[in-house]
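Assemble the whole structure, with the sequences as input and the hints as a guide.
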Amino acid sequence: MAKVPRNFRLLEELEKGEKGIGDGSCSYGLEDSDDIMMSNWNGTIIGPGHTVHENRIYSLKITCGDRYPDAAPKVQFLSRVNLPFVSPDDGTVKPTLLPVLATWSSRSSLETVLVEIRKEMASPSNRKLPQPPEGSMF
Amino acid sequence: MSLPKASLQRPRIIKETERLVADPAPGITAAPHDDNLRYFDVTIQGPDGSPFQQGIFKLELFLPEEYPMAPPKVRFLTKIYHPNIDKLGRICLDILKDKWSPALQIRTVLLSVQALLSAPNPDDPLAPDVARHYKENEKDAQRVSREWTQQYAS
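Protein chains in written order, with the UniProt record's numbering: chain A, 1 to 138; chain B, 1 to 154.
Be a bit skeptical, because a hint or two may be false.
Said to hold, decoys possible - Covered by chain A, per the in silico footprint, the following chain B stretches (three or more residues, Cβ under 8 Å):
(1) 29–41
(2) 58–64
(3) 75–83
(4) 121–134
I should point out that these hints are in silico values taken from the structure, not numbers from a laboratory.
Fair warning: this is a prediction, and the values are worked out from it, not measured in the lab.
Note that the Cβ used here is the ideal one computed from N, Cα and C, for glycine as well.
Okay, here's the thing in structure tokens:
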């Protein structure tokens with residue numbers, strides 16, 4: 001099986017993201033459109049319905065290092081949020097506490113990270129957690 | 001008895017690689033990564049008489065699983081001011097898309113990319129602002145291409 005190098009893998013993900021993924025509840029793109037190494041990404045999650053997150057828009061920063069996709073990306077919330085796997089100090093997603101990062105596989109992607117975080121927001125233990133004021137940032 | 005597909009494809013990639021190294025095309029180098037024989041570091045020298053003259057441009061090339069039924073993927077790593085190459089180094093070239101044929105090779109692809117530097121095509125742009133500049137004031141656009149070549153490709 002041909003191993004797709006980091007940069008061509010990220011180009012594929014970029015093109016997929018530009019077309020729009022799923023139902024639009026998660027999206028991502030390059031932070032800087034001429035970042036030739038494609039390291040810094042913005043992600044957006046629309047809070048899942050019937051939870052405390054409903055109608056909220058969460059911004060995240062995702063960083064893909066040199067070893068991506070063999071190594072997981074770093075993920076950080078820019079919007080304030082109260083979730084057990086997010087540091088209350090600076091919004092960093094703790095990789096050991098989020099299964100998609102803890103058991104990272106190179107088949108996972110920026111899309112799966114955002115989709116999995118959104119699923120966690122809607123889980124029975126997280127859906128009713130008290131949240132900081134809407135729109136506040138770290 | 002039929003051979004597995006991979007064992008038929010591998011010799012083609014190895015043959016192409018050997019020839020690229022032993023008998024390189026003028027102004028072009030291509031060397032595979034030690035840990036991924038489908039992934040190449042490429043350099044292309046800007047053609048004489050073009051605004052990219054004397055520039056050495058770095059590119060990367062990847063042969064996908066489907067190669068040679070699917071085209072190689074190629075991208076500039078050096079910044080370049082050209083109407084058919086975007087900010088991320090992606091290239092608008094027909095043989096890399098719908099005009100690909102398995103009869104083409106890595107060598108022909110890289111020669112075509114080199115030829116594209118001599119013949120920018122602002123009517124089929126990938127970088128709309130650069131294409132507009134080339135259409136409205138070709139001399140001034142070429143000046144910027146030369147400046148970028150000096151700044152980023154030397």
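Here is what the structure says about each hint:
Remark: the stretch 29–41 of chain B is confirmed as covered by chain A, as 4 of its residues place a Cβ nearer than 8 Å to a Cβ of that chain, reaching the required three. Under the rule that three or more residues need a Cβ within less than 8 Å of chain A, the assignment of the stretch 58–64 of chain B holds, with 4 such residues. Restraint check on the stretch 75–83 of chain B versus chain A: 3 residues with Cβ-Cβ distances below 8 Å, three needed, restraint holds. Figure legend: the stretch 121–134 of chain B, annotated as covered by chain A; annotation inconsistent (0 residues with Cβ-Cβ distances under 8 Å, at least 3 required).
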